[in-house]
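Here is what each chain is made of, one letter per residue.
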Amino acid sequence: MNNKNKLPLSPHLQIYRLPLTALLSITHRLTGIILVLGSIFMVWLLAAAADSSASYGPLVAQLGSWYGQVFLFGFVFSLYLHFCSGIRHLFWDVGLGFELETVDLTAKLVIACAIILTIATWLVAAAG
Amino acid sequence: MSELTTPLSKVKGLGSAKEGTTHFWRQRMTALILIPLVLWIGFSLAALPVDHATLVSWVQQPLVSMLLVLLVGAVFYHAQLGLQVVIEDYVSSHSRRTVMLLISNLMCLIFGIVGILSVLKIAFGA
Numbered sequence: 001m002n003n004k005n006k007l008p009l010s011p012h013l014q015i016y017r018l019p020l021t022a023l024l025s026i027t028h029r030l031t032g033i034i035l036v037l038g039s040i041f042m043v044w045l046l047a048a049a050a051d052s053s054a055s056y057g058p059l060v061a062q063l064g065s066w067y068g069q070v071f072l073f074g075f076v077f078s079l080y081l082h083f084c085s086g087i088r089h090l091f092w093d094v095g096l097g098f099e100l101e102t103v104d105l106t107a108k109l110v111i112a113c114a115i116i117l118t119i120a121t122w123l124v125a126a127a128g
Numbered sequence: 129m130s131e132l133t134t135p136l137s138k139v140k141g142l143g144s145a146k147e148g149t150t151h152f153w154r155q156r157m158t159a160l161i162l163i164p165l166v167l168w169i170g171f172s173l174a175a176l177p178v179d180h181a182t183l184v185s186w187v188q189q190p191l192v193s194m195l196l197v198l199l200v201g202a203v204f205y206h207a208q209l210g211l212q213v214v215i216e217d218y219v220s221s222h223s224r225r226t227v228m229l230l231i232s233n234l235m236c237l238i239f240g241i242v243g244i245l246s247v248l249k250i251a252f253g254a
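Chains as they are written, first to last, in our numbering: chain A, 1 to 128; chain B, 129 to 254.
Bound conformation, chain A alone (with noise of 0.2 Å):
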């Protein structure tokens, strides 16, 4: 950047590597918007099985392609950072967990259960 005055300028946010916390803050944000729109196809797809089954049936099957696929583990994941991430907020709620190590390690934990549970859910449905 050609800064003529040579007066010293602030670095601005988009310099600093984001604290995992902070990741995560504007992640549930995020996920939160992205929700919203899966839920919404999920509606979708429960006035469709509702209306008919010849309505339901084409519908379901986008699911099955791969980008249905991709949309479904991207909604389910999200569902569930979304998930942990709200319940370490609840803990916050509630005036706990705001050690930076217990903060550190609560970061650390929602995306570990949130991978575990979207594995455990596919596993679910391979095995169903």
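Quick caveat, the hints were computed from the structure, so don't treat them as lab data. None of the values given here were measured: they were computed from a predicted structure. Where a beta carbon is used, it is the ideal one built from N, C-alpha and C, also for glycine. Certain hints may be false.
Pairwise CB distance ranges, derived in the manner of DEER restraints [what the hints assert, rightly or not]: (1) Thr133(B) with Lys6(A): 46 to 54 Å; (2) Phe71(A) with Thr149(B): 33 to 41 Å; (3) Asp51(A) with Pro190(B): 20 to 28 Å; (4) Gly57(A) with Glu147(B): 40 to 48 Å; (5) Phe91(A) with Ile238(B): 30 to 38 Å; (6) Glu99(A) with Val213(B): 23 to 31 Å; (7) Leu13(A) with Ile238(B): 33 to 41 Å; (8) Arg225(B) with Ile26(A): 16 to 24 Å; (9) Pro164(B) with Leu109(A): 13 to 21 Å; (10) Asp51(A) with Thr149(B): 39 to 47 Å; (11) Phe71(A) with Leu176(B): 14 to 22 Å.
Far from chain B, by Cβ distances over 12 Å, these chain A residues were calculated [to be verified]: (12) Pro8; (13) Arg17; (14) Thr21; (15) Gly74; (16) Leu96; (17) Phe98.
Starting from the known structure of chain A, arrange chain B on it as the hints suggest.
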């Protein structure tokens, strides 16, 4: 000038938005309800074959249809509250914010209603 709030409004604790901690509280209540419901729906749907007849007979079980109505209601209430906060935080233009809040609130209401009606139609219909 030290005090602009009346003693009454102070003790009511509703603040300038006139709703106090209502938004915060409802966000948490819907979150709590959703904890068991999300685990239930996630693993139930995973275990269920995807064909229409299986889904319909599953939804028609009284406990399932009741929980589904609760789930759809809680999801879209929670979504409305959450989207509201995101819009209020990131959309600074007052007119654009109002329009976006209107759209988001309406969408949540409509899809919540469609979802609940669909569950009820399957539950009571043929």
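Is it the case that leucine 96(A) keeps its Cβ farther than 12 Å from each residue Cβ in chain B?
-> Correct as stated: the minimum Cβ-Cβ distance to chain B is 14 Å, above 12 Å.
Would you say threonine 21(A) is clear of chain B, with no C-beta pair closer than or equal to 12 Å?
-> Since the minimum Cβ distance to chain B is about 18 Å, threonine 21(A) lies beyond 12 Å and the statement holds.
Reported absence of proline 8(A) from the contact zone with chain B (all CB gaps over 12 Å) | Fine: 28 Å to the nearest Cβ keeps proline 8(A) off the interface.
CB-CB spacing for leucine 109(A) and proline 164(B) relative to the 13 to 21 Å hint = holds, 20 Å
Kindly confirm whether 14 to 22 Å is satisfied by the beta carbon distance between phenylalanine 71(A) and leucine 176(B).
-> The hinted range 14 to 22 Å holds for phenylalanine 71(A) and leucine 176(B), with Cβ atoms some 18 Å apart.
Taking 12 Å as the cut and beta carbons as the points, is glycine 74(A) off the interface with chain B?
-> Given that every Cβ of chain B is farther than 12 Å from that of glycine 74(A), nearest at about 14 Å, it holds.
How does the Cβ-Cβ distance of aspartate 51(A) and proline 190(B) compare with 20 to 28 Å: does it lie in that range?
-> Given a distance of about 22 Å, which is inside 20 to 28 Å, the answer is holds.
Do the Cβ positions of threonine 133(B) and lysine 6(A) conform to the proposed distance bound of 46 to 54 Å?
-> holds, 49 Å
In this structure, is the beta-carbon distance linking glutamate 99(A) and valine 213(B) contained in 23 to 31 Å?
-> holds, 26 Å
Pairwise beta carbon distance, phenylalanine 91(A) to isoleucine 238(B), judged against the given window 30 to 38 Å | holds, 34 Å
Status of the given 33 to 41 Å range, CB of threonine 149(B) versus CB of phenylalanine 71(A) | holds, 36 Å
Do the beta carbons of arginine 225(B) and isoleucine 26(A) sit within 16 to 24 Å of each other?
-> holds, 20 Å
The structure shown violates none of the earlier numbered hints.
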